[in-house]
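Residue numbers (this note's numbering), protein chains in the order written: chain V, 992 to 1546; chain F, 3 to 287.
Quick caveat, the hints were computed from the structure, so don't treat them as lab data.
For every residue, glycine included, the Cβ atom is placed at its ideal position computed from N, Cα and C.
Check the hints yourself; a few may be wrong.
[As the list claims (entries may be wrong)] So the derived label-pair ranges between C-beta atoms look like this:
id, chain 1, residue 1, chain 2, residue 2, range
1, V, 1509, F, 254, 50 to 58 Å
2, V, 1032, F, 254, 34 to 42 Å
3, F, 259, V, 1416, 40 to 48 Å
4, V, 1410, F, 9, 28 to 36 Å
[What the hints assert, rightly or not] Here are the simulated DMTMM-like cross-link-like pairs (lysine to aspartate or glutamate), alpha carbons at most 25 Å apart as the crow flies:
id, chain 1, residue 1, chain 2, residue 2
5, V, 1210, F, 223
6, F, 259, V, 1538
7, F, 259, V, 1223
8, V, 1389, F, 14
9, V, 1389, F, 9
10, F, 31, V, 1170
11, V, 1356, F, 35
12, V, 1356, V, 1434
13, F, 253, V, 1222
14, F, 281, V, 1543
15, F, 190, F, 228
16, V, 1073, V, 1538
17, V, 1356, F, 271
18, V, 1389, F, 35
19, F, 31, F, 175
20, V, 1103, V, 1048
21, V, 1489, V, 1538
22, F, 259, V, 1213
23, V, 1103, V, 1065
24, V, 1389, F, 271
25, V, 1210, F, 40
26, V, 1389, F, 285
27, V, 1356, F, 285
28, F, 129, V, 1407
29, V, 1389, V, 1401
30, V, 1327, F, 271
31, F, 281, V, 1205
32, F, 31, F, 14
33, F, 39, F, 252
34, F, 129, V, 1397
35, V, 1468, V, 1397
36, V, 1484, V, 1432
37, V, 1136, V, 1065
38, V, 1210, F, 252
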Amino acid sequence: MYNILIGGAAGQGVDTTCAILEKLLKQSGYHVFSTKDLMSRVRGGHNFTLIRFGAEEVASHSYILDGIVAFNQETVELHRSKLNSNGFILCDPSLSVEANNVVKIGMNDIAKKLGNPKVAGSISIGAILKLFGETLDHIRNVFAKVVKPEYLDINLKAVEIGYDSVEQQYPHKDGVYGDWMLLTGNQALSLGAITAGLKFYSAYPMSPSTSIMEYLAGKMTEAGIVVEQAEDEIAAINMAIGASFVGARAMTGTSGGGFCLMVEALGLSGMAEIPLVVADIQRPGPVTGLPTRTEQSDLNFVISASHGEFPRMVIALKNHADAFYQTIRAFNMAEKYQIPVIILSDQYLADSSATVEPFDINKIKRYCASEEQYDGEYLRYRFTTNGISPRLLPGTTKGFASADSDEHDERGWITESAEIRVQMMDKRLLKLKKLELELQEPEFIGNDSCETLFLGWGSTYGPIKEAVTILNRQSSKRFGALVFGDVYPLPVKYLTEKIKKAKRIINVEQNATGQFAQLIREKTGIVCTSSILKYDGRQISGEQIAEQVLKEAGK
Amino acid sequence: MSVSSKEFCTSETAWCPGCGNFSILKCLKQSLEELGKDPHEVLLVAGIGQAAKTPQYLSANSFCGLHGRALPVAIAAKIANQNLTVIVNSGEGDSYGEGGNHFIHNIRRNVDITHFVHDNQIYALTKGQASPTSAEGHVTGVQTEGSMNTPLNPILMAIAAGAGFVARAFSGEPEQLVSIMKQAILYKGYSLVDILQPCISFNKINTFSYYQKRIYKLKSDYNPYDKVEAIKKALEFGNQIPMGVIYQAEKRTFHEKNSVLSSGVPLLDQHQDVSLIEKYIREFV
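For reference, chain V alone in the conformation it holds in the complex (with noise of 0.2 Å):
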């Protein structure tokens, strides 16, 4: 497995390079994952991509470099103290670098004389495949569906120079995953929602949800969905809403900052008994926090967001292949039992790439409500012995729907009665017996006669996988951990059973204050050890989870 950084300023054509180097090296047969590091702002700052890459599967990012390919001086001085021992830095003559193993090519001055100061980062694309003994088989594909026409030889010539420039480092090992997907986590998402039958998709722009909203436009008119961007995240909210209610499987995603504008109408969706998704991609808070980076801290909010008493769901997002299945689910979980459903994703899901095996799209079943005439006589909130209503859509028979936000009674009809609204208030908890019956047990990863258990929920999936296969075959000590991508209403049964053998339990999370932690003791009474938790705004490294547990053994 290879791993390296590539970094300069905004603007200096980093991501593009990137994204073409990944798919180069996915096409070579890798398994690619990568993921970006970024400042909230359009140009000039530091920002990097970590890409790693390897023949066997790679499920997160690690902070070991094999080589760093420096756009500027500041990537340099700031990176270079995670390089192997014989690691390289590939860059241009003009940064001054003393290092083992530099590899200078005149990227800046080859481009000006090809003609265009930007095919820089082809030059080093072309270098890095040679350094890893790759071929330059797949870049005329490649480069094709990323730049335009008339860039496409000025681009190829450059990675030819740029190959043709150094000697090859490291050895080509051969991976099966040329035919694989090579995805964002909002794409994976999003494709979800088209696949799950999205009609009606209304946000409003905030960082990291908005690749989920330019997904979606660009195949709005293909697929048959209107997406809105709405005057704000109210607006947003209660269009989804108006939407579904109509009987338009609809969705609205945004971060903590627009998920706090839309938590009235979140209640509406409880109440009015109408199917939503809310997708919250989070990033590190309170308000506006670090725009561009990760957290896991609005978990305690969702699940309790919004006021009085109703049923919801909330699914956290484990990794690429999640956002995609996980999302159809929550629109059929959305629709079965007219709840909003709430899915959790977070920056370092979001924006990272990874490989991932084709989408079964075989596998996918849609739950669709019974489409039952009425003639007159329907009760919207008809008192069942499961608490779901049957569901009409207005316009589609002869019958009327009514939605209320106040009290109301079977019709719809806004009410004071002490009788109905206990009934009513039964009716709607009830929908969470059955629902709890079809949550999802948590991932069960490593030895299963494991002392130490780590338990996680969401894009901490990777990290700490790669942490208990680390520790398993460093440590004497067997670890194991529980990944939960099902949160709210949390399932039990598999915790209960693993913390018999226990002797240890850590919880690791991206957030302040172990709010996962709080959740598992107060729904089961079982109480952690310790915690590993990080809210720098950079996601957690499997050898960082590691490297923390070892460093706490040896105390």
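Given the coordinates of chain V, work out where chain F should sit on it, guided by the hints.
Structure of chain F alone, referenced to chain V:
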């Protein structure tokens, strides 16, 4: 509840006896019946407030949502199923105050919905505070020295924001109100009717006789398509208050502009080809 297909039943209300809302409800029922609408084809949307209870009292599909948020719900419902006749009934606090942002931006969207604002120049359900259209100096339990804020001019705002159908009516003139309501419902695009309505409980200034003394009907030769004239008329609000369709223009609707909706097939009924998803998956390979 069983109803004959063209009849919109009304039911018992929670409004004060003598409230202007009764007349508005009656005129709405009459307008829909005269337009030959079936109750199941109509979706009545509202926010919160006394006016916002209107959908509860008329047999049709109804959505009573959040304070100020009727417009986003209504436009999205219309986007999802354009066969529905979507009508918003809400007060001026809901429409211009809490929902002011949606008021401005949905004019820009121009989704084909109808917006009836029951404008009594007071917050009635919360018992008598100033509303966005209360006159300067209007004394209330909260505005004890009289409202210091300039009242909004919704007609002027709507014209300025680009609305294609802007009208004013009075609940005490049912014949004209029905005529304006019907025109507004038939208008292709967003239509606003600001309906002056006395609040008999909390507004002792803008009473029935106050309005009756001041309102006048636009003359038959008034040209609502002249925007400059319309703005002049919109500025008239005081001793003389013009009633009627103040501004009208033909504008492309959201549905006409949107490539998914312009075919005329309701979004809801557009089916997706599975091969499309297979294609999208291949795009990432």
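Outcome of the hint check:
1. Distance hint for residue 1509 of chain V and residue 254 of chain F: a CB-CB separation of about 53 Å, consistent with the stated range 50 to 58 Å.
2. A hinted range of 34 to 42 Å holds for the C-beta pair residue 1032 of chain V and residue 254 of chain F, which are about 38 Å apart.
3. The hinted range of 40 to 48 Å is satisfied by residue 259 of chain F and residue 1416 of chain V, whose Cβ atoms lie roughly 43 Å apart.
4. Here the CB-CB span from residue 1410 of chain V to residue 9 of chain F is close to 31 Å, well matched to the stated 28 to 36 Å.
5. For the hint pairing residue 1210 of chain V with residue 223 of chain F, the CA-to-CA distance comes to about 49 Å; that exceeds 25 Å, so the pair is violated.
6. Of the pairs offered as hints, the one joining residue 259 of chain F and residue 1538 of chain V is violated, with about 57 Å between alpha carbons and a cut-off of 25 Å exceeded.
7. Note on residue 259 of chain F and residue 1223 of chain V: the hinted pairing holds, with a Cα-Cα distance of about 22 Å set against a maximum of 25 Å.
8. Of the supplied pair hints, the one linking residue 1389 of chain V and residue 14 of chain F holds, its CA atoms being roughly 23 Å apart against a limit of 25 Å.
9. Note on residue 1389 of chain V and residue 9 of chain F: the hinted pairing holds, with a Cα-Cα distance of about 12 Å set against a maximum of 25 Å.
10. A distance of roughly 62 Å separates the Cα atoms of residue 31 of chain F and residue 1170 of chain V; the hinted pair therefore is violated under the 25 Å criterion.
11. Between residue 1356 of chain V and residue 35 of chain F the CA atoms are separated by roughly 43 Å; this puts the pair beyond 25 Å, and the hint is violated.
12. Under the criterion of a C-alpha separation no larger than 25 Å, the hint pairing residue 1356 of chain V with residue 1434 of chain V is consistent with the structure, at around 22 Å.
13. At most 25 Å may separate the alpha-carbon atoms for a hinted pair to count; residue 253 of chain F and residue 1222 of chain V meet this at roughly 21 Å.
14. Distance hint between residue 281 of chain F and residue 1543 of chain V is unfulfilled; the C-alpha atoms sit about 50 Å from each other, more than 25 Å.
15. Among the hinted pairs, residue 190 of chain F with residue 228 of chain F is consistent with the structure: their alpha-carbon atoms are about 18 Å apart, no more than 25 Å.
16. Restraint check for residue 1073 of chain V and residue 1538 of chain V: satisfied, since their Cα atoms lie roughly 15 Å apart, inside the 25 Å limit.
17. As the CA atoms of residue 1356 of chain V and residue 271 of chain F are separated by approximately 19 Å, the hinted pair is consistent with the 25 Å bound.
18. Between residue 1389 of chain V and residue 35 of chain F the alpha-carbon distance is near 16 Å, which keeps this suggested pair within the 25 Å criterion.
19. For the suggested pair residue 31 of chain F and residue 175 of chain F, the alpha carbons sit about 15 Å apart, so the restraint of at most 25 Å is met.
20. Restraint check for residue 1103 of chain V and residue 1048 of chain V: the C-alpha separation of about 39 Å exceeds 25 Å, so the hint is violated.
21. A hinted pair counts as satisfied when its Cα atoms are at most 25 Å apart, and residue 1489 of chain V with residue 1538 of chain V qualifies at roughly 24 Å.
22. With a C-alpha separation of about 15 Å, the suggested pairing of residue 259 of chain F with residue 1213 of chain V holds against the 25 Å cut-off.
23. Between residue 1103 of chain V and residue 1065 of chain V, the direct Cα distance comes to roughly 22 Å. Compliance with the 25 Å bound is thereby established for this hinted pair.
24. For the given pair, residue 1389 of chain V sits about 18 Å from residue 271 of chain F by alpha-carbon distance, which is consistent with the 25 Å threshold.
25. Of the pairs offered as hints, the one joining residue 1210 of chain V and residue 40 of chain F is violated, with about 36 Å between alpha carbons and a cut-off of 25 Å exceeded.
26. Distance check on the hinted pair: residue 1389 of chain V and residue 285 of chain F sit about 43 Å apart at the alpha-carbon level, beyond 25 Å; violated.
27. Only pairs whose Cα atoms come within 25 Å are accepted, and residue 1356 of chain V paired with residue 285 of chain F is accepted, the gap being roughly 23 Å.
28. A C-alpha spacing of about 19 Å is found between residue 129 of chain F and residue 1407 of chain V, which places the hinted pair at or below 25 Å, so the restraint holds.
29. The hinted pair formed by residue 1389 of chain V and residue 1401 of chain V meets the criterion: a straight-line CA distance of about 18 Å does not exceed 25 Å.
30. Using a Cα cut-off of 25 Å, the hinted pair residue 1327 of chain V and residue 271 of chain F holds, with the two alpha carbons roughly 20 Å apart.
31. Between residue 281 of chain F and residue 1205 of chain V, the direct Cα distance comes to roughly 18 Å. Compliance with the 25 Å bound is thereby established for this hinted pair.
32. A C-alpha spacing of about 14 Å is found between residue 31 of chain F and residue 14 of chain F, which places the hinted pair at or below 25 Å, so the restraint holds.
33. Of the supplied pair hints, the one linking residue 39 of chain F and residue 252 of chain F holds, its CA atoms being roughly 23 Å apart against a limit of 25 Å.
34. A C-alpha spacing of about 19 Å is found between residue 129 of chain F and residue 1397 of chain V, which places the hinted pair at or below 25 Å, so the restraint holds.
35. Among the hinted pairs, residue 1468 of chain V with residue 1397 of chain V is inconsistent with the structure: their alpha-carbon atoms are about 57 Å apart, more than 25 Å.
36. As the CA atoms of residue 1484 of chain V and residue 1432 of chain V are separated by approximately 7 Å, the hinted pair is consistent with the 25 Å bound.
37. Taking the CA atoms of residue 1136 of chain V and residue 1065 of chain V, the gap is near 31 Å; set against the 25 Å cutoff, the hint is violated.
38. Taken as a hint, the residue 1210 of chain V and residue 252 of chain F pair is broken in the structure, with Cα atoms around 30 Å apart against an allowance of 25 Å.
Hint compliance for this structure: hints 5, 6, 10, 11, 14, 20, 25, 26, 35, 37, 38 are broken, all remaining hints hold.
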